[in-house]
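Undergrad: Following the hints, complete the assembly by docking chain P onto the known chain F.
Chains F and P, in that order, are what the protein sequence lines are. Counted from 1, the first sequence has number 83 at position 83 by the UniProt record's numbering; the numbering is strictly sequential. Counted from 1, the second sequence has number 101 at position 101 by the UniProt record's numbering; the numbering is strictly sequential.
Calculated directly from the structure, the hints in this document are not laboratory data. Glycine residues also receive a C-beta, built at the ideal position from the N, C-alpha and C atoms. All clues given are correct.
Stretch-level coverage of chain F by chain P, calculated; a stretch enters the list once three of its residues show a Cβ under 8 Å from a Cβ in chain P:
| id | stretch |
| --- | --- |
| 1 | 146-159 |
| 2 | 176-189 |
Derived DMTMM-like pairs (lysine to aspartate or glutamate); straight-line CA-CA distance at most 25 Å:
| id | chain 1 | residue 1 | chain 2 | residue 2 |
| --- | --- | --- | --- | --- |
| 3 | F | K4 | P | D170 |
| 4 | F | K197 | P | E128 |
| 5 | P | K115 | F | D116 |
| 6 | F | K188 | P | D103 |
| 7 | P | K197 | F | D170 |
| 8 | F | K183 | P | E157 |
| 9 | F | K183 | P | E172 |
| 10 | P | K4 | F | D170 |
| 11 | P | K4 | F | D169 |
| 12 | F | K186 | F | E112 |
| 13 | P | K85 | P | E112 |
Chain residues, written in single-letter form:
Protein chains: 2
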Amino acid sequence: MDQKGLLIVISGPSGAGKGTICKSLLNANKDIKISVSATTRSPRKGEVEGKNYYFISKEQFEEMLQEDALLEYAKVYENYYGTPKNYVLENLDSGNDVLLEIDIVGALQVKEKFKDGIFIFILPPSLEELKNRIVGRGTESDKDIEIRYGCAIEEIEQVIKYDYAVINDDIERATRDVEAIIKAEKCKVSRMHNNIKSIL
Amino acid sequence: MDQKGLLIVISGPSGAGKGTICKSLLNANKDIKISVSATTRSPRKGEVEGKNYYFISKEQFEEMLQEDALLEYAKVYENYYGTPKNYVLENLDSGNDVLLEIDIVGALQVKEKFKDGIFIFILPPSLEELKNRIVGRGTESDKDIEIRYGCAIEEIEQVIKYDYAVINDDIERATRDVEAIIKAEKCKVSRMHNNIKSIL
Numbered sequence: 001m002d003q004k005g006l007l008i009v010i011s012g013p014s015g016a017g018k019g020t021i022c023k024s025l026l027n028a029n030k031d032i033k034i035s036v037s038a039t040t041r042s043p044r045k046g047e048v049e050g051k052n053y054y055f056i057s058k059e060q061f062e063e064m065l066q067e068d069a070l071l072e073y074a075k076v077y078e079n080y081y082g083t084p085k086n087y088v089l090e091n092l093d094s095g096n097d098v099l100l101e102i103d104i105v106g107a108l109q110v111k112e113k114f115k116d117g118i119f120i121f122i123l124p125p126s127l128e129e130l131k132n133r134i135v136g137r138g139t140e141s142d143k144d145i146e147i148r149y150g151c152a153i154e155e156i157e158q159v160i161k162y163d164y165a166v167i168n169d170d171i172e173r174a175t176r177d178v179e180a181i182i183k184a185e186k187c188k189v190s191r192m193h194n195n196i197k198s199i200l
Numbered sequence: 001m002d003q004k005g006l007l008i009v010i011s012g013p014s015g016a017g018k019g020t021i022c023k024s025l026l027n028a029n030k031d032i033k034i035s036v037s038a039t040t041r042s043p044r045k046g047e048v049e050g051k052n053y054y055f056i057s058k059e060q061f062e063e064m065l066q067e068d069a070l071l072e073y074a075k076v077y078e079n080y081y082g083t084p085k086n087y088v089l090e091n092l093d094s095g096n097d098v099l100l101e102i103d104i105v106g107a108l109q110v111k112e113k114f115k116d117g118i119f120i121f122i123l124p125p126s127l128e129e130l131k132n133r134i135v136g137r138g139t140e141s142d143k144d145i146e147i148r149y150g151c152a153i154e155e156i157e158q159v160i161k162y163d164y165a166v167i168n169d170d171i172e173r174a175t176r177d178v179e180a181i182i183k184a185e186k187c188k189v190s191r192m193h194n195n196i197k198s199i200l
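Extracted from the complex, chain F is given alone in its bound form (with noise of 0.2 Å):
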């Protein structure tokens, strides 16, 4: 196969779970490349430098951002988080198949940029259902549970723009249909000129 990897961008509200099934799809499929973001916000409890995020000082970002080294950013909740252009890039340049979990500020950012990319929009099962995993995470104060949950109906709207919405009622469940996504966007016959001209 000649193709250049896949950038698979996948956004949503908070308390969707885009990051469990991110991990979920990233252990059943060890050849996906995860790309870290960048942040100005503080490490939650449990999350490493590295590998959650890496965590830099707002001066240090906004020499990235000067440099034109950020394939998106945005200020949400008064921090800044970004992503990192080069190791996506050469990642897809090589082959492999990339995977960004952004917010959907950011996520809009890429789309401009990578026509080619596969957005997918992951759902709560209803609007109740999301309100309790953002407080059960237990990690955000009232006011932010406030602000992030005041946010989801604004930010589902945006669905409209994705290519896929996955609603996330089952975790198995969901990261099945985000496979299924891969793989079906690998039959495209817009991205299978390669295998059809080595057939004729």
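TA: Okay, now just chain P, sitting in the frame of chain F:
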């Protein structure tokens, strides 16, 4: 799920193995309805009326044509083939997925009417393997084999008019590809409006 059923069109050159893949797909997915074509050609050994085809006379076929009772039809190797319209439309309206296994000429007619259908082209792993399979089937005369193989290259070039291509190097693997395509298509945002509305 309020969404209507999916129209799944599986097509490709003779010998690519579309029949075997369809059989394998239906075995594993009992809820998919298969549309049985009508034809004026003679039954091959083992073919069953109403299961493989409706074997009808030329006069009967032309009557259906006049009554606009066919979704598509084609004259291939001097015989008519066509898809009775009622069965397909009724099942799609009831929310059932319907599978059409048809020749390329017919598939492209369906594509003009059903923009929403999923058009999957089954490719052989190589032209050599394609010829081996046509010969190995042992149901056709030497002349028929030459006619079918001679058309193969021209037919394979039609793949660019399809949405997806699946290489049939292994029946099981190819069937999993088709299943992934169906699952992914159901996750398309354009097909999920009702689900999204019910969440909001």
